[in-house]
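Trainee: Spelled out from the first residue to the last, the chains are:
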Amino acid sequence: MNQEKDNSKDHLPAGKIKQYFIEVYEVFRFIIKFFKVIFLPPYEFREIIRQCYYIGYKSVALISVTGFIIGIVFTKQSRPSLADFGATSWLPSLVSIAVVRALAPLITALITAGKVGSNIGAELGSMKVSEQIDAMEVSGTNPFKFLVGSRIVATTLMVPALTMYNGLVAMLGSYLNVHANEMTSMKSFFQDAFSTISFLDIYSSITKAVVFGFTIGVAGCYQGYNTTQGTQGVGRAANSAVVISMFLIFIEEMIIVQIVTSIR
Amino acid sequence: MKKEAPQVDKNNTVISIEGLEKSFGSLQVLKSLNLQVYKGENMVLLGRSGTGKSVLIKIIVGLMYPDRGSVKVLGQEVDKLDTKEMDAFRLKIGFSFQGSALYDSMTVRENLEFPLIKNKRDLDSREVNKAIEGVLSDVGLLKTIDQWPSELSGGQKKRVGIARTLILRPEIMLYDEPTSGLDPASSLEIIKLINEVQQKYHTSSIIITHDLTCAKFTGERIAVLLNGTIERLGSFDEVFDTDDPDIMSFYNYNFINES
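Heads up: the protein sequence lines correspond to chains A and B, in order. Okay, so the first sequence: first residue is 1 according to my numbering, each after it adds one. Okay, so the second sequence: first residue is 1 according to my numbering, each after it adds one.
If you're looking for bench data, these hints aren't it; they were derived computationally from the structure. From the three backbone atoms N, C-alpha and C, an ideal C-beta is built for every residue, glycine too. A few of these clues could be false.
Label-pair ranges, simulated between beta-carbon atoms [stated by the list, open to error]:
no.	chain 1	residue 1	chain 2	residue 2	range
1	A	Pro13	B	Pro184	53 to 61 Å
2	B	Gln7	A	Ile49	42 to 50 Å
3	A	Tyr53	B	Leu81	31 to 39 Å
4	A	Ile31	B	Gly25	26 to 34 Å
5	B	Ser32	A	Arg29	29 to 37 Å
6	A	Thr228	B	Pro184	28 to 36 Å
7	A	Thr228	B	Leu142	56 to 64 Å
Sequences and hints are given; from them, build the entire structure.
Mentor: Right, here's the structure in full:
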């Protein structure tokens with residue numbers, strides 16, 4: 001809404017710090033509001049499924065290509081080092097650990113942040129500045145629940161699904177490279193690959209993906225839903241959605257890895 | 001252009017605003033504003049850009065909250081309604097946005113279907129289609145039913161925006177600059193439509209505009225908002241029967257005064 005802020009002192013460090021904490025407080029309020037509305041009827045199942053289709057299905061091609069290339073490149077890059085020790089037979093185990101523990105969730109999240117996060121920021125931002133969100137509100141529909149709730153749920157569900165898919169495609173890429181060089185059979189490759197993966201690895205990988213998906217949804221929706229200053233604001237919302245979610249993904253990755261390592 | 005005499009009930013006030021104040025930071029936009037709208041009347045609100053006209057109708061529909069004062073619409077204090085009451089209240093109010101605010105990702109049919117299926121979940125698809133086709137016929141745009149908003153002209157967008165509000169059969173219509181950005185022919189179509197809506201749907205309305213042609217041919221009363229308050233109120237002729245240069249500047253701009 002047309003609230004004016006006194007930004008005259010925001011260039012001072014104290015003003016910036018204050019602004020930062022206000023922003024953090026607003027984001028927490030936004031998240032709490034999400035949890036408040038999402039469990040109350042009427043449920044927006046149709047919109048959630050629609051968003052899952054756009055966020056998940058429409059990202060499959062990009063995730064397939066990147067996953068496949070990562071599998072091949074990581075295998076090719078690792079081979080010389082292992083070959084020095086005569087340990088190329090460890091390639092399936094090495095790749096599977098790297099892909100499941102780190103690469104699949106991280107790469108999927110970064111791709112989704114770039115593709116989906118920016119799209120959510122721009123779409124909601126454009127709806128905000130063209131008063132479509134106000135129009136929804138005055139027609140007796142809760143725009144927060146319909147637009148924000150459905151998108152955050154969809155990213156939280158779809159990023160783990162895409163992560164698992166990305167992991168499988170990366171392993172397939174790796175297998176093709178290993179097969180071409182070492183003539184390893186598919187059965188032998190995947191037996192070696194999965195024998196080194198523990199339940200904790202898979203569990204932590206999916207947990208990471210859920211957290212990353214939620215972060216991408218919140219960052220995109222928060223930036224878009226609070227867009228001000230017309231079309232310039234829409235561009236800024238799309239950009240901020242990507243930058244903030246990528247930054248948070250790396251921070252979360254570090255925290256989750258620390259926790260999982262201490263459990264292991 | 002001649003307008004049929006509307007049935008205005010002066011004993012029945014549908015919108016009652018008293019002592020309304022609203023500020024943004026240090027800028028006070030509305031100062032002790034008082035305004036009454038009677039059942040069945042079209043009230044036109046004139047005022048320069050930035051004088052708080054849009055803020056006023058956003059307060060009426062609960063999109064903004066006043067700093068002080070009371071806004072009673074259909075007997076309900078708007079700023080005291082809880083979420084559930086607000087949702088029910090808003091179904092009685094139609095809001096036509098300045099930029100139409102049609103949902104870009106939906107066709108015309110889906111734009112009209114959206115508020116209907118969200119608020120009247122017991123309707124079957126046949127009833128929904130009938131309602132959509134009915135209001136689109138009323139605004140003369142049935143042929144655009146499967147088009148996208150991006151394929152419509154400015155005037156068509158405004159009419160679809162009005163149809164979208166009419167589908168819920170509101171008792172009050174709020175028009176934010178209904179003729180802005182339109183060519184004269186499209187403006188006249190919108191003016192005619194506003195009067196038809198008043199007659200057919202028995203609505204009471206607030207029409208915000210800079211366009212005196214629109215004001216003259218749609219409004220039973222004109223209120224001029226100056227310096228945050230209603231400076232003049234009355235029929236078109238009464239309002240402009242003055243030497244006040246601030247008031248006459250509207251008239252001179254729209255009708256180039258020969259004197």
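Trainee: So, for every hint listed, does it hold in this structure?
Mentor: Okay, the hints, checked on the actual structure:
1. A:Pro13 x B:Pro184: 53 to 61 Å: holds, 56 Å
2. B:Gln7 x A:Ile49: 42 to 50 Å: Given a distance of about 47 Å, which is inside 42 to 50 Å, the answer is holds.
3. A:Tyr53 x B:Leu81: 31 to 39 Å: With a Cβ separation near 36 Å, tyrosine 53 of chain A and leucine 81 of chain B satisfy 31 to 39 Å, so the hint holds.
4. A:Ile31 x B:Gly25: 26 to 34 Å: For isoleucine 31 of chain A and glycine 25 of chain B the Cβ distance comes to about 28 Å; the hint holds.
5. B:Ser32 x A:Arg29: 29 to 37 Å: Roughly 33 Å apart at Cβ, these two residues keep to the hinted range, so it holds.
6. A:Thr228 x B:Pro184: 28 to 36 Å: holds, 34 Å
7. A:Thr228 x B:Leu142: 56 to 64 Å: violated, 38 Å
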